[in-house]
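Just so you know, the sequences run in chain order A and E.
The opening position of the first sequence corresponds to residue 1 in our numbering, with each subsequent residue numbered one higher.
The opening position of the second sequence corresponds to residue 1001 in our numbering, with each subsequent residue numbered one higher.
Hints are computed from structural coordinates only; laboratory data are not their basis.
Be careful, since some hints might not be right.
[As the list claims (entries may be wrong)] Some, not all, of what chain A presents toward chain E, calculated at C-beta under 10 angstroms:
#1 H23
#2 H163
#3 N225
#4 A316
#5 P319
In this text, a Cβ means the ideal position worked out from N, Cα and C, and glycines have one as well.
2 protein chains.
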Amino acid sequence: MIPPRLIYKKGKLKVLDQRLLPHRVAYLTVRNAAQTAKAIKDMVLRGAPLIGCAAAWGFPLELRTRRPSSWKETLTLIKNAARIIKAARPTALALFYAADRMQEKAAAIIAGQKEFSPKKYRLLVRALEREAAKVTEEDRLACARMGALGADLLKKNSIVLTHCNAGALATMGIGTAVGVITEAHARDRIKHAYSSETRPYLQGARLTIWELQRSKVPSELITDNMAAHLMKTAGINAIIVGADRIAANGDTANKIGTYALAVLAGYHKIPFYVIAPTPTIDASLRTGEEIKIEERSSEEVTFINGRLVAPKGVRARHPGFDVTPAKLITAIVTEKGVIRPVNRASIKKQF
Amino acid sequence: MIPPRLIYKKGKLKVLDQRLLPHRVAYLTVRNAAQTAKAIKDMVLRGAPLIGCAAAWGFPLELRTRRPSSWKETLTLIKNAARIIKAARPTALALFYAADRMQEKAAAIIAGQKEFSPKKYRLLVRALEREAAKVTEEDRLACARMGALGADLLKKNSIVLTHCNAGALATMGIGTAVGVITEAHARDRIKHAYSSETRPYLQGARLTIWELQRSKVPSELITDNMAAHLMKTAGINAIIVGADRIAANGDTANKIGTYALAVLAGYHKIPFYVIAPTPTIDASLRTGEEIKIEERSSEEVTFINGRLVAPKGVRARHPGFDVTPAKLITAIVTEKGVIRPVNRASIKKQF
Chain A
1 MIPPRLIYKK
11 GKLKVLDQRL
21 LPHRVAYLTV
31 RNAAQTAKAI
41 KDMVLRGAPL
51 IGCAAAWGFP
61 LELRTRRPSS
71 WKETLTLIKN
81 AARIIKAARP
91 TALALFYAAD
101 RMQEKAAAII
111 AGQKEFSPKK
121 YRLLVRALER
131 EAAKVTEEDR
141 LACARMGALG
151 ADLLKKNSIV
161 LTHCNAGALA
171 TMGIGTAVGV
181 ITEAHARDRI
191 KHAYSSETRP
201 YLQGARLTIW
211 ELQRSKVPSE
221 LITDNMAAHL
231 MKTAGINAII
241 VGADRIAANG
251 DTANKIGTYA
261 LAVLAGYHKI
271 PFYVIAPTPT
281 IDASLRTGEE
291 IKIEERSSEE
301 VTFINGRLVA
311 PKGVRARHPG
321 FDVTPAKLIT
331 AIVTEKGVIR
341 PVNRASIKKQ
351 F
Chain E
1001 MIPPRLIYKK
1011 GKLKVLDQRL
1021 LPHRVAYLTV
1031 RNAAQTAKAI
1041 KDMVLRGAPL
1051 IGCAAAWGFP
1061 LELRTRRPSS
1071 WKETLTLIKN
1081 AARIIKAARP
1091 TALALFYAAD
1101 RMQEKAAAII
1111 AGQKEFSPKK
1121 YRLLVRALER
1131 EAAKVTEEDR
1141 LACARMGALG
1151 ADLLKKNSIV
1161 LTHCNAGALA
1171 TMGIGTAVGV
1181 ITEAHARDRI
1191 KHAYSSETRP
1201 YLQGARLTIW
1211 ELQRSKVPSE
1221 LITDNMAAHL
1231 MKTAGINAII
1241 VGADRIAANG
1251 DTANKIGTYA
1261 LAVLAGYHKI
1271 PFYVIAPTPT
1281 IDASLRTGEE
1291 IKIEERSSEE
1301 VTFINGRLVA
1311 PKGVRARHPG
1321 FDVTPAKLIT
1331 AIVTEKGVIR
1341 PVNRASIKKQ
1351 F
């Protein structure tokens, strides 16, 4: 239904070019760490879990292009690959999780070796390919589990709203937030789903509504600024979003506009659910205040389809993400269970 | 600085085509009531006060194209013109205010006549031209007065956010919300102004930021979904918007997205100001629940610059407006004074 997002085959990673969706299904091939990082940076692929999977593949890709002559040299190559990959985008923790995991895996294998040989190097590469495959398989399974746990939270005739694309296209599985919606739809619990278009990149308009169409979920597209009006007038009874990074206290960074939806949901007494696998949780951060928010280019706001929509010389802000405080989140659904940062009673008190 | 929005000259109304801004300044000429209504409907011109002014000109335009032979026939022509003009768009009260006023003016003049003659008919047309000129002049003066009263509410170093375009381009004067900002800027009270782009029509990106640039107000464009994040992080201390219709209790209909900003402003304890001339106040409506919200076409959401940004066959909602309850409005600034629907203390209690 949804085309494969990443296809790895010895030394080549074919990446579904999400910038062309929904009008064209085409793949871009990346062959090393720098190309992987560039594809992430340029948003050929996006979505925190998928970024993590691509990052993992970046390591065997890079090593396949190299012919080092020692383990020391190999470790330097891996370190450089990690540096390049981690510099691609700052907010999604999955990227750092995957890069660290691949680097540690390689280090552990190398630590168990004595003499260097090209054959042993090839075995290392294959082990890293298996590890990257494991990262993607874990993501697929996590999506399925979160879909089930999240769908449990929804009642029959749910009218839901999701933001950005936390769907199959953001993961290697059925998605996080959209996975919950499609799973709930399969259980006949969804009456209607709204997708906010998600300016400036229009992931909602281009990707999420396309996924919902393909899954035959009754759905409509809205502009981001319609959400409050529809919460008041259209009976929306759940907001379901993904996450890029979650601090230890439950504060959650996600696509710009998520925080607004959380405040609006609170005001309208609508439950607000975050769906994210555990590699999104950054226990090293006490609160969301410490999450680094990526500031992207002004042109991504002022140009649409290559055309300037604002006057020449205009300045635009472009924070890619915002932080939703835990107190506005009803529950965080992970593959390991449902976390309720604060109880519902205290949320009600805020409004 | 800002090009004239409407230029009337005997039987022709040149309308600045705001759909082409900011890239091109061009005029469309309308010559009768139907063309005036079409220009309003197609958003060649927009903004409640400006719609009212154009509607007023629609009457002398229509009468100039006609050669009736009785006052009875003349009254029928005027009635038909009013019907056509009032059907253009449903939400902005200024349209109905102007149409009713012109119709009443004509009826009063005709009631004072005995015999019909082509010469007396010409005198009627000229009287209606003077009345339409009066409607536009009143709007210009109201803008100046609201600018002064609104600027009084802002402190030095204000960081403000406005939505849609409630500027010179929406009026025959300096604008309503943007008029307040430019007047406060002239008094050196504006540190920074944010304009939200206002999907789907991008009036903020195309019109408001252009006006702010021309008035040399330090300003930045944002997407609609960034507002909450900037309220939290950028020190915004006033939200200033226009209005299309205000119910007797202060509930206010304005461009879609306004209600969200009001809720978000309340949550962040930021004053929320509505700037609108008294012809916006509809005393016949008890509350905002009774305001008719225009539902516009799905294509205006799914196409940007003539290109489909969503998958084929997608359904999109497109309410053109939303209603902000009076309890979320700090003050309504009219040309006759400042109305405070409810006192600030009670607003604070809501959050």
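Each hint, compared with the structure:
1. The beta carbon of H23/A is positioned within 10 angstroms of a beta carbon in chain E (closest approach about 8 angstroms), and the interface hint is therefore held.
2. The beta carbon of H163/A comes within 8 angstroms of a beta carbon in chain E, closer than 10 angstroms, and the hint placing it at the interface holds.
3. Hint status for N225/A: holds, given a least beta-carbon distance of 3 angstroms to chain E, under 10 angstroms.
4. Given the 10 angstroms rule on beta carbons, the hint for A316/A holds: about 4 angstroms separates it from the nearest Cβ of chain E.
5. The beta carbon of P319/A comes within 6 angstroms of a beta carbon in chain E, closer than 10 angstroms, and the hint placing it at the interface holds.
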